[in-house]
Amino acid sequence: MRSIFVSVLMAAILMASPLPARAAAAADFNKGVHAYNSGNYAEGLKWFRKAADQGFALAQNNLGLMYLNGQGVVRDDTQAAKWFRKAADQGDALAQNNMGLVYLNGRGVVRDDAQAAKWFRKAADQGYVQAQLFLGAMYDKGRGVARDEAQAAKWYRKAADRGAIRAQYNLGLMYDKGQGVARDEAQAAKWFRKAADQGDALARNNLGTMYEKGRGVARDYGQALKWYRKAADQGVPQAQNNLGLMYLNGRGVVRDDARAAKWVHKAADRGYADAQLILGAMYDKGRGVARNDAQAMKWYRKAADQGDARAQFILGAMYDKGRGVAWDEAQAVTWYRKAAEQGMPRAQNNLGLMYAMGRGVVRDYEQARMWYRKAADQGDARAQNNLGTMYEKGWGGVKNIVSAYMWLSIAASGELQEAAQRRDALAKRMTAADISRARARARTCLASKYRQCD
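Here the sequence shown stands for residues -23 to -1, 1 to 431, numbered as in mature numbering (1 follows the signal peptide of the UniProt record, and there is no 0).
Simulated from the structure, these hints should not be mistaken for lab results.
A hint or two may mislead.
For lysine to any residue, the following SDA-like pairs were computed, each having C-alpha atoms within a straight-line distance of at most 25 Å [stated by the list, open to error]:
hint : residue 1 : residue 2
1    : Lys239    : Arg228
2    : Lys167    : Gly191
3    : Lys370    : Thr408
4    : Lys135    : Val106
5    : Lys63     : Val50
6    : Lys275    : Ala294
7    : Lys118    : Lys63
Cβ pair distances, simulated, as ranges [stated by the list, open to error]:
hint : residue 1 : residue 2 : range
8    : Asp66     : Thr311    : 58 to 68 Å
9    : Ala303    : Lys370    : 29 to 39 Å
10   : Ala417    : Gly356    : 13 to 23 Å
11   : Lys154    : Gln175    : 51 to 61 Å
12   : Val87     : Gln319    : 55 to 65 Å
13   : Gly16     : Thr311    : 57 to 67 Å
14   : Gly374    : Gln319    : 48 to 58 Å
15   : Gln319    : Ala424    : 52 to 62 Å
C-beta atoms are modelled at their ideal positions from N, C-alpha and C, and glycine is treated no differently.
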């Protein structure tokens, strides 16, 4: 995910470059700089105000910063915005950028993304790097401007070319996804590396992924491990999880389940759902940790509660079988449904079974058929077999041996032996014409990728 704005962080760049035409104001400004840098904010405020009252833009901007941060004065966002505007109206790029930030965050002004974009553009057009990054982000997310990935990439590139770390990372993401630019994994890796070399933790994780997968660079598990470790040591949960998986699979290192569990646990503790799922599986199987059903259940549930369909399905199966928890078919249905509603075919098939058998829910063949069909249309052979069986038996009042043969044939093509046996048994009760029709429908269904199966 592209990182966009640095909330309300205003970097005070206290410059001390006197302007001969404004010597008195410049002298006052420099006194303010000296006092500020010495930690005497009240004295700094006094001299910045003197210079600001003489129209000195740098002092006006810095006075705004002191009001914004409550340095040497009671915090007052309205006064901050007032002084930023005075400097911005004189063309000061730093103040223009700060005006963009106060509008973006609604500090001292009514929040207004369009005004924020306007001020960022003014500063960006003067080459102010932070504003170029922010303007790219505005286009990236469609905040204050119409969303335009090409414009986002343009402004990110301007900032990235001047060393802005976050812009380099964001530009890498755009090349990786082909957003606003032609997809180019080599360019993605290049920009991730630039940001990674400057210490950006997310870029380091992404660069590790490029090396692990051989995307944009030659596959190199040693390099992947190096970059994952750097990002993991900076606390990035995705990298901690990735590093754990390297140990779990013995990629670039000797396989070490205990070390894998250590890193996956770090990521799981930080709320990373993928790691919570994997940690649940490690406790479930006793890999790197002592087997513990209660711990497995705990971590599966954490991932499931974050919407991870795989974890939701596993929880459903655990309740369905009474494994690690008290047997509870109603809970099984609840978790199967959550995963099924996210489009997971195995969960859709199992939910169909629960409805067909009246387990955890009132028996409902219509619901069973609906969920089987959703899974069948995604190529799930067991659901195709179950759907064929429903048509064969006429469960729910809909008996159709041609449809039954069609779905059983499709399931059999997925090498489900049970479906092949059921289809062949059904064929003995069918006419040659019906078999021919069923086979033709099966071919059409498969050729259309399940769009023309009725």
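Hints versus structure:
no. : hint                           : result
1   : Lys239 with Arg228             : holds (16 Å)
2   : Lys167 with Gly191             : holds (13 Å)
3   : Lys370 with Thr408             : holds (17 Å)
4   : Lys135 with Val106             : holds (8 Å)
5   : Lys63 with Val50               : holds (19 Å)
6   : Lys275 with Ala294             : holds (15 Å)
7   : Lys118 with Lys63              : violated (29 Å)
8   : Asp66 with Thr311: 58 to 68 Å  : holds (60 Å)
9   : Ala303 with Lys370: 29 to 39 Å : holds (33 Å)
10  : Ala417 with Gly356: 13 to 23 Å : holds (20 Å)
11  : Lys154 with Gln175: 51 to 61 Å : violated (22 Å)
12  : Val87 with Gln319: 55 to 65 Å  : violated (39 Å)
13  : Gly16 with Thr311: 57 to 67 Å  : holds (59 Å)
14  : Gly374 with Gln319: 48 to 58 Å : violated (30 Å)
15  : Gln319 with Ala424: 52 to 62 Å : violated (28 Å)
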